[in-house]
Amino acid sequence: MVFQKSIQLPLFSRGFHLITDHVLSELPKVSGIVQVFIQHTSASLTINENADPTVRMDFETFFNNLVLEDNPSFLHTYEGPDDMTSHIKSSLLGSSVSFPIKNGAPNWGIWQGVYLCEHRNTPRRRNLFITVIGE
Amino acid sequence: MVFQKSIQLPLFSRGFHLITDHVLSELPKVSGIVQVFIQHTSASLTINENADPTVRMDFETFFNNLVLEDNPSFLHTYEGPDDMTSHIKSSLLGSSVSFPIKNGAPNWGIWQGVYLCEHRNTPRRRNLFITVIGE
Amino acid sequence: MVFQKSIQLPLFSRGFHLITDHVLSELPKVSGIVQVFIQHTSASLTINENADPTVRMDFETFFNNLVLEDNPSFLHTYEGPDDMTSHIKSSLLGSSVSFPIKNGAPNWGIWQGVYLCEHRNTPRRRNLFITVIGE
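Protein chains in written order, with numbering that gives the first Met the number 0: chain H, 0 to 134; chain R, 0 to 134; chain G, 0 to 134.
Quick caveat, the hints were computed from the structure, so don't treat them as lab data.
Wrong hints could be hidden among the right ones.
These stretches of chain H come out as covered by chain G in the derived footprint (C-beta under 8 Å, 3 or more residues) [unchecked claim]:
#: 1; segment: 42-55
#: 2; segment: 83-94
#: 3; segment: 118-130
We put the beta carbon where it would ideally sit given N, CA and C, even for glycine.
Use the sequences and the hints to build the structure in full.
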């Protein structure tokens with residue numbers, strides 16, 4: 000069975016945000032694999048700790064220091080200093096997450112959740128496309 | 000066909016370790032996609048070189064320098080200096096690997112294998128969940 | 000339905016290159032998930048911006064600065080200064096990309112495409128293995 004659904008997230012500010020509920024509420028009652036794909040190249044998805052907000056704040060701090068906005072070498076800066084850095088963060092973290100599902104529930108650890116990683120300064124409409132392959 | 004199986008790895012020390020045999024021994028004789036998912040947020044999985052132990056040592060060296068434990072900006076440090084850094088390394092490398100399978104054998108390059116990336120100082124029980132979709 | 004196909008890319012120089020057409024021309028007219036897997040550990044795949052060549056140039060600049068070739072700590076340097084660094088870049092970016100497909104067309108954003116990330120100095124034959132699970 001192939002299940003596919005497009006969802007639009009509410010607006011999120013720059014940073015790392017838990018969107019687990021937005022994803023889980025869409026899943027059919029099957030067992031197999033879930034793929035959540037983000038249809039953008041300046042925001043990304045990752046799976047990480049689902050409880051303490053400071054984890055998501057530290058993620059933002061770390062990635063801002065890893066991919067510096069004042070890098071004079073960057074050529075692709077049409078849309079401002081958060082343009083090229085967003086593309087790079089997006090590939091470091093990834094455009095999709097994939098996890099196992101069993102009878103409609105994620106078969107992951109109790110501390111795991113899905114993050115939207117919004118790398119742009121201005122909140123944007125972000126579309127996810129969910130595919131579940133299962134039986 | 001959907002095949003799902005949970006496995007528990009033996010204890011591994013901090014660092015990068017080949018766990019290819021632990022994964023391959025569980026695969027059914029089908030053709031399709033294998034997903035190996037780690038049910039934790041302070042250890043991760045990646046696919047890389049399967050022969051020379053110094054590759055895995057250099058991975059540990061590189062990631063320790065990339066994600067410094069004495070970063071005074073980190074807020075999430077309840078469990079020690081290897082706490083937040085482990086979450087970050089986990090998202091840089093990823094919580095799952097996925098590779099093609101043909102008649103029960105991985106269809107990857109001759110130099111490829113699966114690494115467990117253990118980011119915590121103290122060895123912990125790590126559970127993997129394997130899903131194979133194939134026919 | 001499981002569809003599997005091996006393809007060999009033309010030679011690409013060190014850097015980031017759009018290979019979207021090479022991938023899309025192989026896809027069957029189904030709906031489901033596409034996995035593109037690279038059978039090497041010194042080149043990688045990612046999904047990012049598909050229009051402006053300076054994005055790919057900035058990627059090369061960024062990753063060369065992130066993973067320095069003159070790192071005296073590296074032990075695995077048999078094949079030159081671009082040996083170990085290629086393995087690390089490969090795991091930071093990933094050995095596969097996965098995206099949704101609907102009626103044979105990628106269900107991604109209008110600005111998304113697939114990059115081959117060639118990390119070695121000398122162009123090499125790179126083999127991809129494409130698996131599509133769909134119906």
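Results of checking the hints against the structure:
1. 42-55: Since 0 is below three, the answer is violated.
2. 83-94: With 8 residues closer than 8 Å to chain G, the segment 83-94 of chain H meets the three-residue bar; holds.
3. 118-130: With 3 residues closer than 8 Å to chain G, the segment 118-130 of chain H meets the three-residue bar; holds.
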